[in-house]
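Colleague: Sequence:
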Amino acid sequence: GVLVNADGTLAGSGFNISDGAELRRSPAVFYSSDLTGYLVVFEVVAAEDVDIYGRTVASGGTLPGSDFVICGASNDQLYPDVVYNGYDDVYLVVWSDQQNDPGDIYGTRVEPDEDLLGWFSASIAADAQTHPTVAFNSAANEYLVAWHDYRTSGVTGADIYAQRMSHTGTPQGSDVRLSGTSTLDDQQYPRAQYISAHNRYFVLWQDNRNAVTGWDIYGQNVNADGSLYMFNVPYFVFSGWQQRPDGTFSVE
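Sequential numbering from 16 applies to the sequence shown in the numbering used here.
It should be emphasised that the hints constitute simulated quantities derived from the structure, not laboratory data.
Nothing false has been slipped in among the hints.
Computed spacing ranges between beta-carbons, pair by pair:
1) 20 x 169: 48 to 58 angstroms
2) 188 x 30: 41 to 51 angstroms
3) 253 x 104: 42 to 52 angstroms
4) 253 x 102: 35 to 45 angstroms
5) 31 x 243: 35 to 45 angstroms
From a predicted model like this one, the values you see are computed outputs, not experimental measurements.
Beta carbons: idealized from backbone N, C-alpha and C, even for Gly.
With the hints as constraints, model all of the structure from the sequences given.
Modeller: Below, the structure written as structure tokens:
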């Protein structure tokens, strides 16, 4: 990794966060201003399967401690994401988990001392759920987890679903499909943010509903109670492929 100043210049050189004989990939990182440090989560590809690991990084880029296992269950655990909850002083890590079927969405809370507070499931629907993203609602002390979902892939392709979760990891109500029910083909790779100024979540994804333009970027506002605010919003719709979106909200 490397630290970057507010003006975009590099604050020093790149540094090694984790190394070893096994491949490391798919990193995600979140900064805690309360802890003045980061949690980096990533996949470790072992001979038998893929597991989720974490590493604490201090604000200056130093590395206290060492890699620790977040989930080392059977089969593959993939595509981790992480967010910090300042009310409970914990991180929430989510991933796609193949220990029981082609893919469910699991998570765990991670304390600052790297203790784990037990696994939970956000979705165990039929077929595969994969590439999760998570956002924290600081007003309600709860989370929104979103992912792309293959439960009706034979009819609608991959869809974007989301689930509200309590601060302890308990599902709140049922999951909801974010990509409109009239859309066909695939919607994939969501990224979620909580917008405190509006008390809503916003989820972006890549979308293949338009045969003429190919992959485009769409989004959906989600109310704090998990209901949809208005309709899918086309953001980047033009010829060529627009893929793997991400973004954040500025109050300025």
